[in-house]
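So the sequences go chain by chain: E and S.
The opening position of the first sequence corresponds to residue 1 in this note's numbering, with each subsequent residue numbered one higher.
The opening position of the second sequence corresponds to residue 1001 in this note's numbering, with each subsequent residue numbered one higher.
Hints should not be assumed to be uniformly reliable.
[Said to hold, decoys possible] Partial pick of chain E residues on the chain S-facing surface, computed with a CB cut under 8 Å:
#: 1; residue: L14
#: 2; residue: L21
#: 3; residue: D23
#: 4; residue: P31
#: 5; residue: V87
#: 6; residue: L118
[What the hints assert, rightly or not] Simulated crosslink set (BS3-like; lysine-lysine; CA at most 30 Å straight-line):
#: 7; chain 1: E; residue 1: K126; chain 2: E; residue 2: K193
#: 8; chain 1: E; residue 1: K116; chain 2: S; residue 2: K1042
#: 9; chain 1: E; residue 1: K193; chain 2: E; residue 2: K116
#: 10; chain 1: S; residue 1: K1042; chain 2: E; residue 2: K193
#: 11; chain 1: E; residue 1: K116; chain 2: E; residue 2: K126
[Claimed, not checked] Chain E residues, not near chain S, derived (Cβ > 12 Å throughout):
#: 12; residue: E7
#: 13; residue: Q16
#: 14; residue: P24
#: 15; residue: Q108
#: 16; residue: H109
#: 17; residue: E128
#: 18; residue: T166
#: 19; residue: T174
#: 20; residue: I190
#: 21; residue: N220
Simulated from the structure, these hints should not be mistaken for lab results.
Bear in mind that the values here come from a model prediction, so they are computed numbers and not experimental data.
In this text, a Cβ means the ideal position worked out from N, Cα and C, and glycines have one as well.
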Amino acid sequence: MDNAPQEDLELKALSQALHQLYDPVLEEPVPERLRARRQRWRAPAIAAGWAILGLCAGTIAGWQLHASRPVIAPQAEVPGFVKRAAVAHATYSPEVRHPVEVGADQEQHLVAWLSKRLGATVRAPKLETAGYSLVGGRLLPGDDGPVAHFMYQTAQGRRITLYVRTEAAGNRETAFRFAAEGNVKVFYWIDRKLGYALSSADLGREDLLAVADAVYRQLNP
Amino acid sequence: MNDAESIVELIPRLRRYARALTGDRAAADDLVQDTLERAWSKFHLYRRGTDLRAWLFTVMHNVYVNQLRAARPGAQLDEEMPELSQAAHETAGLELRDLDLAIRRLPPEQREVLLLVVLEDMSYGEAAGSLGIPVGTVMSRLARAREKLRAMLSGLPSGGLQLKIVT
């Protein structure tokens, strides 16, 4: 390598010219779309900042309890997979061009593929009665392995996502639990070998609960 | 500072590099956005304690290469870009906009090496790590990039770059 003084001088001059050209970018305000992403980014990272809204069972005493359906329980701590589910929702639900990996037009393939990868039978519940149709789904990395992620939307384009992961053998079934961070609300539960998290940025708690209930009924006919 | 906050701090650096790489504001921010999304989905692959900036540049490199392949299917990454016309370079001194144009006429893999080493001030080893290539390849690509810049900017095959140090 030639390190003649002239060569060093030339590199230095080139470096200065490049900085003159491109350093102004550093001072530009970060555009909204990247800032929006950034806020979603921050959410999962600041675990302590998670505003966890534990729902007292009493506050929804009026909810019609199905005999075999989990009740909403006060919760201790939001599991990691719920945070991942909220981030996945925030990441993919605003996506216009690539919201899913496999579209609803290939639903059979999608479900078979995800079931194979998760090593458990995964189903995409039909939520038309709740006003949501399947957009499709994708495979995501979870804490311990692959995770299935389904997206649904209303005719107006409002989206919810269902995050499904396999649970460790020791994990017991749980009641519906609720968590919220910013405007992403999540109902989550464990049913048999699978853990579920249903996320929305648009719906209120009660409306999301109604959809969670529809999901649960679909999967437990 | 946790990892996510560190990434947020690095967004302006990612934008600067992407701008230099693509030469286009919207394309650069698309690249940054895709990089951030991919970084999050692949974050389990990041080894804590290692250089986060280098890892993010690796992610951006992979996204960029995929974009190039998608835009020009079948094209080789080291395909030569057309040379600047002589007419555009009648002035003796270097204009910054000429440099900007010349950089975008470098083959992408030479442009990446040049920008990582000269603009991002990475060592050859760091650049090699980010791009997943041997150090020797970094050095040879950098040499070729500088040779091409010299040729394009001076109109001479091996003349000196007409740059003045500005302080």
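Each hint, compared with the structure:
no.	hint	result
1	L14	holds, 6 Å
2	L21	holds, 5 Å
3	D23	holds, 7 Å
4	P31	holds, 6 Å
5	V87	holds, 7 Å
6	L118	violated, 16 Å
7	E:K126 x E:K193	holds, 20 Å
8	E:K116 x S:K1042	holds, 21 Å
9	E:K193 x E:K116	holds, 15 Å
10	S:K1042 x E:K193	holds, 25 Å
11	E:K116 x E:K126	holds, 20 Å
12	E7	violated, 9 Å
13	Q16	violated, 6 Å
14	P24	violated, 9 Å
15	Q108	holds, 25 Å
16	H109	holds, 21 Å
17	E128	holds, 29 Å
18	T166	holds, 16 Å
19	T174	holds, 25 Å
20	I190	holds, 22 Å
21	N220	holds, 30 Å
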